[in-house]
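Peer 1: Sequence:
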Amino acid sequence: AGMLHAFGAEVSLLARSGQLLRGFDELIGNTVADQMQAQGIDLHLAFQLAGLAQNEAGITLVAQSGSRLDGFDSVIWAVGRRPNTEDLNLQAAGVALLPGGVVPTDAFQNTNVQGIYALGDITGRTALTPVAVAAGRQLADRLFGGREEARLDYADIPTVLFSHPPAGAIGLAESDAKGRFARVSIYETRFTPMRYALNGSGAVTAMKLVCAGDEERVVGIHLVGDGVDEMLQGFAVAVKMGATKADFDRTVAIHPTSAEELVTLKKPVRLHELEVAA
Numbered sequence: 001a002g003m004l005h006a007f008g009a010e011v012s013l014l015a016r017s018g019q020l021l022r023g024f025d026e027l028i029g030n031t032v033a034d035q036m037q038a039q040g041i042d043l044h045l046a047f048q049l050a051g052l053a054q055n056e057a058g059i060t061l062v063a064q065s066g067s068r069l070d071g072f073d074s075v076i077w078a079v080g081r082r083p084n085t086e087d088l089n090l091q092a093a094g095v096a097l098l099p100g101g102v103v104p105t106d107a108f109q110n111t112n113v114q115g116i117y118a119l120g121d122i123t124g125r126t127a128l129t130p131v132a133v134a135a136g137r138q139l140a141d142r143l144f145g146g147r148e149e150a151r152l153d154y155a156d157i158p159t160v161l162f163s164h165p166p167a168g169a170i171g172l173a174e175s176d177a178k179g180r181f182a183r184v185s186i187y188e189t190r191f192t193p194m195r196y197a198l199n200g201s202g203a204v205t206a207m208k209l210v211c212a213g214d215e216e217r218v219v220g221i222h223l224v225g226d227g228v229d230e231m232l233q234g235f236a237v238a239v240k241m242g243a244t245k246a247d248f249d250r251t252v253a254i255h256p257t258s259a260e261e262l263v264t265l266k267k268p269v270r271l272h273e274l275e276v277a278a
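The numbering used here numbers the first residue of the sequence shown as 1 and each following residue consecutively.
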C-alpha cells in the first residue's frame with residue numbers, strides 16, 4: 001500500500017481485524033496505521049469482505065455488514081500465504097500434515113518419517129527467507145558436518161516490515177511479556193526525527209523496549225520510523241546475548257541519530273506486576 005501510494009496511486013487498505021498488523025506489538029500497528037492515514041492512504045479496519053462487483057464505474061467492494069466501497073480500478077488480494085505442499089503427495093510417504101498444508105517438525109527439522117526433513121515457511125514457523133536459509137545451514141551441518149546437535153534457535157528472530165515508514169521488531173510484544181513474566185517494565189518514546197523537524201511532514205519515529213524481571217532483561221524491541229530497518233540488526237545481537245536495560249544505559253549514545261533514543265530512555269512509562277497469592 002505504501003509503495004503504490006508513493007508511486008502516486010490513490011490507495012485504500014482494508015483489513016479484517018480492528019487492529020492493523022495484529023501479530024505485532026500495538027505500538028507498531030497503531031503507529032503504522034496513523035502514518036499511513038497521515039500520508040493519505042484510506043484505511044478501513046474491521047472490514048469483513050463479502051464480495052466484489054464490477055460495473056462501468058469500476059469495482060465495488062461489499063462488506064458482510066452491507067456497507068460498500070465504490071470506484072476502484074484494481075484490487076490486490078493480499079491476504080497472506082499458505083504452504084505450497086498440495087502437489088508433493090506427502091501422504092504417500094506417510095508424512096503428517098496439519099490443516100492448511102503445514103508440515104510439523106521437531107526442533108531438528110525432522111518430520112514424523114525418518115529421513116524426511118522440512119524447513120522454511122511450510123513448517124508454520126517464522127515465514128522469512130533468512131530463517132529458512134539459517135535452518136537449512138544448521139540441518140546440513142547436522143546431517144553432513146558432524147554437528148549432531150546443530151539446530152536453529154527460533155527464539156528472538158528479528159523481523160522488519162518494509163512499510164512506509166518501515167517497522168521492525170524482535171522478541172516479545174508487551175501483551176505477551178505481561179503473561180510470561182512476574183514483572184515487566186515498558187520504556188517508550190515517540191518523536192519527530194531531526195531531518196523532518198522543519199518541513200512539517202508529520203513523520204514520526206516510535207520506539208519501545210520491553211524489559212522483564214528485576215534485572216530488566218530486554219525481551220522485546222519494537223520500532224517504527226525511517227532507518228529502523230537498518231538499526232534493528234545490531235540491537236538484535238544485544239537481545240540474543242541477553243542484554244539488560246542497564247547494558248543499554250551504559251552504552252554511549254551516537255548523536256545526532258534516532259538510534260540513540262534506545263540507549264537514553266530514562267524512566268518506564270508502564271510497569272506490569274503479577275500479584276502472587278500469599
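Derived by calculation from the structure, the hints in this document are not laboratory data. Note that beta-carbon positions come from the ideal geometry of N, C-alpha and C, so glycine has one too. Mixed in with the good hints, there may be bad ones.
To be verified - Pairs of lysine-lysine, DSSO-like flavour, derived with a Cα cap of 30 Å:
id	residue 1	residue 2
1	K178	K266
2	K178	K267
3	K266	K245
4	K245	K178
5	K267	K245
6	K178	K240
7	K267	K240
8	K266	K240
What the hints assert, rightly or not - FRET-style restraints, in silico, Cβ to Cβ:
id	residue 1	residue 2	range
9	S175	R137	27 to 35 Å
10	E273	T251	45 to 53 Å
11	G71	H255	32 to 40 Å
Peer 1: Given the hint that K178 pairs with K266, test it: the Cα-Cα distance must not exceed 30 Å.
Peer 2: Within the cut-off at roughly 21 Å; holds.
Peer 1: When you check the alpha-carbon spacing of K245 and K178, does it fall within 30 Å?
Peer 2: Measuring from Cα to Cα gives roughly 17 Å; hence the hint holds.
Peer 1: Taking the CB of G71 and the CB of H255, does the distance hold inside 32 to 40 Å?
Peer 2: The hinted range 32 to 40 Å is violated for G71 and H255, with Cβ atoms some 48 Å apart.
Peer 1: Please test the hint of 45 to 53 Å on the beta carbon pair from E273 and T251.
Peer 2: With Cβ atoms ~27 Å apart, the hint is violated.
Peer 1: Tell me if the straight-line CA distance from K178 to K267 falls inside 30 Å.
Peer 2: 18 Å, holds
Peer 1: Take the C-alpha atoms of K266 and K240, compute the straight-line distance between them, and say whether it is at most 30 Å.
Peer 2: The given pair, whose Cα atoms are some 22 Å apart, holds under the 30 Å limit.
Peer 1: Need the status of pair K178, K240: alpha-carbon distance at most 30 Å?
Peer 2: It holds: about 20 Å lies between the C-alpha atoms, which stays within 30 Å.
Peer 1: Is the Cα-Cα distance between K267 and K245 30 Å or less?
Peer 2: Holds - the C-alpha atoms of K245 and K267 are around 11 Å apart, at most 30 Å.
Peer 1: Can the restraint linking K267 and K240 be considered satisfied, given a maximum Cα separation of 30 Å?
Peer 2: 23 Å, holds
Peer 1: Is the hinted range of 27 to 35 Å satisfied by the C-beta distance from S175 to R137?
Peer 2: 33 Å Cβ-Cβ, so the 27 to 35 Å window holds.
Peer 1: If you draw a straight line from the CA of K266 to the CA of K245, is it 30 Å or shorter?
Peer 2: 10 Å, holds
Against the hints set out earlier in the document, violations occur for numbers 10, 11.
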